[in-house]
Amino acid sequence: MLKKFILKNEYKLFFTFLKISALTLGGGYAMVPIIEREIIKKNIIDKEEFIILFSKAQSSPGPIAVNTAFMIGMKLGGLLLGLYYVLGVFIPPFFAILIVSSFFKRYSNLEFVQYFLQGIRIGISVILLNFLNSLVKKFKILELIFLALGFILIFFFNIHSIYTLILITFLYLIFILRKKDVF
Amino acid sequence: MCFKLFLIFFKIGLFSYGGGWSALSIIKDELVEVYKLITLNEYLDMVSIAEITPGPIALNIATYTGYKFGSIFGGFLASLGLILPGIIILTLLETVLYFLSKKYDLSKFYKSLKVGVAVLVLFATYLITSNSIIDFKTLFIFFSLLILIILKKEIHPLIIVFLGGIGVLIIKML
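Note that the protein sequences, when read in sequence, are chains A and B.
Under numbering that gives the first Met the number 0, the residues of the first sequence are numbered 0 to 182, in order.
Under numbering that gives the first Met the number 0, the residues of the second sequence are numbered 0 to 173, in order.
Bear in mind the hints are in silico, worked out from the structure with no lab data behind them.
There's no promise every hint is true.
Computed list of lysine-lysine pairs in PhoX-like fashion (alpha-carbon distance at most 20 Å, straight line) [unchecked claim]:
id, chain 1, residue 1, chain 2, residue 2
1, A, 55, B, 102
2, B, 35, B, 10
3, A, 137, B, 113
A short list of chain B residues far from chain A (calculated; beta carbon distances all over 10 Å) [stated by the list, open to error]:
id, residue
4, 0
5, 1
6, 2
7, 3
8, 35
9, 95
10, 101
11, 135
Cβ pair distances, simulated, as ranges [said to hold, decoys possible]:
id, chain 1, residue 1, chain 2, residue 2, range
12, A, 22, B, 72, 18 to 28 Å
13, B, 172, A, 104, 19 to 29 Å
14, A, 140, B, 158, 31 to 41 Å
Beta carbons are placed, not taken as given, at the ideal position from N, Cα and C, and that holds for glycine.
Can you make the complete structure from the sequences, with help from the hints?
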């Protein structure tokens with residue numbers, strides 16, 4: 000009975016998430032395409048369904064890889080299966096960080112560690128610029144004005160990021176909703 | 000302290016849309032400015048470590064910060080706080096609030112959210128870039144990597160970061 004339970008396909012998928020989470024470096028965005036490939040390869044969910052699940056996962060806050068795993072679980076077997084898959088994504092980085100941080104405490108003062116981290120920071124700047132570019136590529140002049148306004152709020156007025164996010168989102172929303180009424 | 004960490008990361012988790020990159024800006028405001036738990040330098044180191052460790056970046060930062068202030072339990076609670084809002088909202092959207100997406104057109108809201116998120120990503124980009132380019136050598140590495148990513152769009156982010164790390168090592172050791 001128990002063996003049958005564990006070997007059921009849906010439950011085995013936990014180990015797929017565990018594996019992907021343990022082996023994918025570079026954040027959640029790097030994980031999603033691999034999750035997609037594995038899930039579609041296993042014939043569990045087809046591509047169209049995956050795209051719907053992913054867009055839902057993306058429209059909610061929090062790490063995208065975690066949300067995607069949760070949505071796949073919800074789709075296949077409900078809340079508990081979703082949480083089970085989340086655990087699969089959660090476990091590897093949790094222990095990886097515990098190990099890395101204890102090493103880091105000991106070696107963070109070494110010159111070459113500092114240099115290496117500084118270089119990683121440069122790499123992250125470039126990745127961020129690339130990501131920003133993909134975000135604003137389709138922006139028109141109105142969006143760009145709000146983008147600049149938001150940056151001014153954070154940068155010159157030291158407004159907290161959360162308030163800036165709320166403010167810009169709703170100001171823009173009001174703006175586009177009103178525009179529709181007028182015309 | 001552990002409960003406070005949980006609450007801080009719950010708040011971060013609740014407002015970080017569009018993945019870890021937009022969370023960076025909120026994490027900096029909460030941990031460095033509001034609660035003064037870590038310095039800007041520690042924050043920048045954390046971001047670098049989070050990028051080269053498996054798992055979502057914001058989740059790694061949560062675990063790291065939680066572990067620093069509250070050991071394993073703190074790390075667990077901080078991470079839990081980060082992922083809980085998304086899971087709760089997804090559950091609600093799939094069950095009780097199912098009618099929301101049917102009845103109302105939320106596409107305008109998501110379009111607006113994208114603008115808000117872009118602001119946070121822009122600030123995070125400014126923050127990390129201004130703290131990583133400190134002299135001509137680092138500027139040179141920055142432009143080399145930038146050219147690489149423009150020429151090879153599909154390059155894995157990890158290659159970019161490692162090239163950066165090795166680049167600074169070589170240049171500083173020369």
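For the pair residue 140 of chain A and residue 158 of chain B, does the Cβ-Cβ distance stay inside 31 to 41 Å?
holds, 35 Å
Just double-check residue 101 of chain B for me: nearest Cβ-Cβ distance to chain A has to come out over 10 Å.
Nearest chain A Cβ is 13 Å from residue 101 of chain B, so the label holds.
Given the hint that residue 55 of chain A pairs with residue 102 of chain B, does the C-alpha gap stay at or below 20 Å?
holds, 16 Å
Can you confirm whether the C-alpha distance between residue 35 of chain B and residue 10 of chain B stays at or below 20 Å?
holds, 16 Å
Evaluate the condition: distance from the CB of residue 2 of chain B to the nearest CB of chain A exceeds 10 Å.
holds, 19 Å
Beyond 10 Å from each Cβ of chain A, as asserted for residue 135 of chain B
Non-interface label on residue 135 of chain B holds, nearest chain A Cβ at 13 Å vs cutoff 10 Å.
C-beta pair residue 22 of chain A, residue 72 of chain B: status relative to the range 18 to 28 Å that was hinted:
holds, 27 Å
Going by Cβ atoms, does residue 95 of chain B stay more than 10 Å from chain A at every point?
With a cut-off of 10 Å, residue 95 of chain B remains clear of chain A, as the shortest Cβ separation is near 13 Å.
Outside-interface status for residue 35 of chain B - nearest CB in chain A farther than 10 Å
For residue 35 of chain B, whose nearest Cβ neighbour in chain A is about 14 Å away, the distance exceeds 10 Å, so it holds.
Find the nearest Cβ of chain A to the Cβ of residue 1 of chain B and say whether that gap is larger than 10 Å.
holds, 15 Å
Can we confirm that no CB of chain A comes within 10 Å of the CB of residue 3 of chain B?
Consistent with the label, residue 3 of chain B stays out of reach of chain A, its closest Cβ about 17 Å off (over 10 Å).
Should the label of residue 0 of chain B as a non-interface residue stand, given a Cβ cut-off of 10 Å to chain A?
Non-interface label stands for residue 0 of chain B: nearest chain A Cβ at 17 Å, farther than 10 Å.
Every hint from the earlier list agrees with this structure, and none is contradicted.
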